[in-house]
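K.L.:
Model the full structure from these sequences, guided by the hints.
Protein chains in written order, with the working numbering: chain X, 1 to 324; chain U, 1 to 301; chain Y, 1 to 560.
Hints are not guaranteed to be accurate.
Stated by the list, open to error - Derived pair list, reagent style DSS-like, types lysine-lysine, alpha-carbon separation capped at 30 Å:
id	chain 1	residue 1	chain 2	residue 2
1	Y	261	Y	556
2	U	191	Y	491
3	Y	315	X	7
4	Y	122	X	232
5	Y	195	Y	146
Think of the hints as simulated: they come from the structure by calculation, not from any bench.
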Amino acid sequence: MVYFIVKRMIQSVFVMLAVAFLAFSLFRFVGDPITQMTGVETSVVDQERLREELGLNDPFVSQFIRFTGDMLQGDFGYSYRTRQPVADMITERVPATLELGVVALIISLLVGVPAGVYTALKPRGIWTQTILMTTLVGVSVPTFVIGIMLIFLFGVQLGWLPTFGRGGTVQIGNWESSLFTFSGWRALLLPAITLGVYQLTLTMRLVRAEMMEVMRSDYIRFAMARGVPMRKLHYKHAMVNTMVPVITIIGLQFGGVIAFSIVTESVFQWPGMGLLFLESIRFVDIPVMGVYLVVIAFFFVLVNLVVDLLYVAIDPRLRLRELE
Amino acid sequence: MIAFLKKYEGLWLFVHSPSAIVAAMVATLIILGAIFASWIALVNPYDLASFSLFDGLLPPVWQDGANPKYLLGTDDQGRDMISAILYGARLSLIIGLSALTIAAVIGVGLGLAAGYYGGRFDAVVMRIADVQLALPAILTALLIDGIARGILPAAIQQDLRVAVLTLAIALSLWVNFARTARATTFVQMNKEYVQAAIMMGQRPSRVMFVHILPNILGPLLVIMTVDLASAILLEATLSFLGIGLPADSPSLGTLIRIGMQFMLSGEWWILWIPTLFLIALVVSINILGDFLRDIFNPRLR
Amino acid sequence: MLTIKDLTVKFPSRFGDFSAIECVDMTIKPGEIHGLVGESGAGKSTVGAAVIGLLQAPGYVANGILTLGDTDLRDLTAAQAHEVRGDRISMIFQDPQTSLNPLMTIEDQLVETIQAHSDASKTAARRRAVDLLEDIGIQNASQRIKAYPHQFSGGMRQRVVIALAICTDPELIIADEPTTALDVAVQSQVLDLIKQLARERQIAFMLITHDIGVIAQVANRVTVMRKGRVVETGDTAQVLGAPKHPYTRALMDAVPPLDQKIDRFRVPAADDTAVMQGDTAERWLLEGQQYGLTGLALENLTVTFTGQRTSLFRKPSHYVALEDVTLTIRPGSIMGLVGESGSGKSTLAKAITGLVTPTYGTMILGDTVLPFGSSRSRHHSSRQLVQMVFQDPYSSLNPRHRIGDILTEPLRFYGFVKDPAERTSLAASMLSLVGMQPDAIIKYPHQFSGGQRQRIAVARALLARPRFLICDEPTSALDVSIQAEILNLLKELQARFGLTILFISHNLAVVRQMADDTAVLRNGKIQEVNTTEVVYQSPQAKYTKSLLAQTPEMPKSWRH
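P.N.:
This is how it looks when you write it as structure tokens:
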């Protein structure tokens, strides 16, 4: 089992390195950093000098090593557009995105999992059909359309909730949170729902499929033959067994949440990392693009690692070896 | 008689499933409309000369102030809404289908080979897939777009818009195909007909494409419909974000972006007509995808 | 006492209601082991499922009387029916691995069952569970009980399953193919356990199986079913030894005896399709015989697999599949290879055909040395001279290819026949030779039954004009009567066309019928090799002796 953990960690490091390499290639090959930084007035001689100073004439590998080293120490370079340290720009925006993502994920789980279990246990009920129909539409409507519709309904027509911005925020150390004010929550609601809907439908369908598969298994049939009470059968046996493969998907879902946050932040003008990334694309601000890549990959890899470890903790087949 | 019915069981199920029929009809209508857009549409939205600002902002036929020539109204540039959505759907479909094809060819090819050869090759392909998976689809698409913007000289950027978009979407979708192809190939590798073919001494390419591929088409077909929907949605999202197709050759996503400006000012049709159209297209594709999935998994019936 | 009268179960479908079983009568007294035997599709499992109320939806009981003691089983509400399950009737299934919840300890599963039907406290339930496991023959029960199902071996798992079934003291246990997935030795123990439970606790057993030998060994009375109806019922000795119904008689004729070799199985005339016309194919095959008979010699063959790495510090463990196997197969003879699951039989077949690379040793086909798997060229002669008939008729033919394509593939690949039309007619002729209608050429595999598919598989193998044929469990997935037909076919073909055959099976009786010589394999090592007569009549190795002793068979005294 220790071997398994070590193997996974090595894999994670590999993935991070690959992503870092991609980001670094971006820096090197897309556009010229010098011209971006200095503008037209600087003489060619001065540009050459700058190039030499910044070590841009060094061999590829040593530059890459320096790049990675810098990253590990928290130095992410400077934005072409704003001339600010990228690290500052990103850390400023991280709380907004993270809070949005986590709340959206919680919403999707709180609604998706029970819905999935219910529709699996009662395949022919009228509620099941309704839920299935709704989720079908939910999967087909793009996130931004959902956002627009919610804005239109609750923001424009009914005027209940704000349609852009974060509302009131509270500073806790480095972290600017909007979870502690009422207006913060009001502003968070629509974006979180928008972001959560797609995840919700995916979760629900997955849980449903897994649960139906489990209900057909031999050990459920045997438990029925033994007269185990139906309630226990549904929850202790079926649902618990269903959760195991579902957990692994949660990890992927987190990646999806972070990704779709780009769209949601755009629709609601939510000041998070996603919006920052969009702007950097528009202005071809390579440093920000590259760093965003690395940060996203990092979150993703971290979550998946945790999920894998959880998996090992829960499933005895991965933990214990045979007795004889 | 029973054997005959069983052979066309899929067809029987289709005929008896109202949602599948409706979905197929809707999808067909939209697709036909998109294909024949140039013949049906009043206006070519790309041809600046064919419409004028004076016709702009006209509401649909059932409201006051409408011009009966433009059944669903016009947008701010004076383009007929029907023409706009037909041409828009055409673009969305072209990009979606092309991206899907590229992704399928790459993904299935790699997945098949990974399943067949196993070992090192498989490990390498899986690692690449892992890295790709660490970056969600939108991210990959945005990145490719950003890179293209940075690398290509400004002059040809506009022309290559469609190609870049297609490539971006394709690269974010291939992993799905690869993983499914690989998993199903593994299953087939254990089957005795594959072992018989290998034993006989047949070329690996023959074993993969003549023997294994026909047997893994089922799940791949399902992925194709789901991913077609994803591709269309992805393109719409990118266009909405302003990174996809521009306003003078709009796809459905671009139209929605344009329409959002008019959400508060009362010209609701500029926003909601393209939106509904997009939803209808994707929902019907998804229904058909679900239907196909149910056919290939008889246990769920 | 269980009484079943006139039981009919139907399954509604798009094409109308389909009767799975019809007018079934049966009685089982307390302490009686009642065998329910029949071929696939006979409806045996449906009877069991109907009694315990676990019919697969949408099946339903259309008619009949089902009573257990004083209780009318059909007249219960869903809740009451669920109460009866476990408390009075219990059921065990074929595969012990999938019957247990992998995420719960054995203890939890036992305690939960005990508490579901009694007022026992947790501690009392735990104690009962431990006692039960020890009764069943699991040593160190108090420690073992804390383990998870995957930590037990197959035989132990089935014992746990049985423990779970009896922990509530039921009156009747329905056992659906309880020993089919087990090794011979383990099967023997489990059958003894069942006998013990019936005797000591007076539990009635409905033993559903397709294995006549098992019935002969443990059942007091037996019911024979066919296509959903009861064909014959009575004391085991009478039904098996002197069957009254022609179907039962035909069935018993098809069962391969363990104690003697018969030339051909007696198959009902209508079904006798062993080798018909097929003149073109026959002539074509006889041409190949000019090259003489080919034997196979294996010397010190060893195959080792490296396992997966599971620990950071230890190297991955090696698994020795075959160790020092030395074997000579005489040209033109049939060599039987007997072994249980995991003995290495399939690995041997794969080593010969090049799918697996041996670590050491020599293989000589005729007078050529066979190169090892990875270095064997795709055009090596052995690829044509050695052909294989596989076990699973449902996966050995490509479901997406027509029969014609499947059969003409070897003709095309080996360059035997250039003209496509000629290829098709040769293939059609070969189909006739193996007893199939030539019009099968345009059909797909799924349109045929298991037995028919195996015939097609044999035809395909022959269309490569081999001199050496490996049959890897060719009839293990087939019903007994179909098996008899296929074995007849193989014997006939071998005699006519001078093939050398390596016949692999775990079924000792079948090997007895087919093989001239027999080799016994255990854990990769040959235990014994000799002529079949010697191996079966006067076995030398201890393993062979115990295998023969533990294989369930019908006592000779019953046969009339």
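K.L.:
Decide, hint by hint, whether the structure agrees.
P.N.:
Okay, the hints, checked on the actual structure:
no., hint, in the structure
1, 261/Y / 556/Y, "14 Å, holds"
2, 191/U / 491/Y, "27 Å, holds"
3, 315/Y / 7/X, "15 Å, holds"
4, 122/Y / 232/X, "16 Å, holds"
5, 195/Y / 146/Y, "28 Å, holds"
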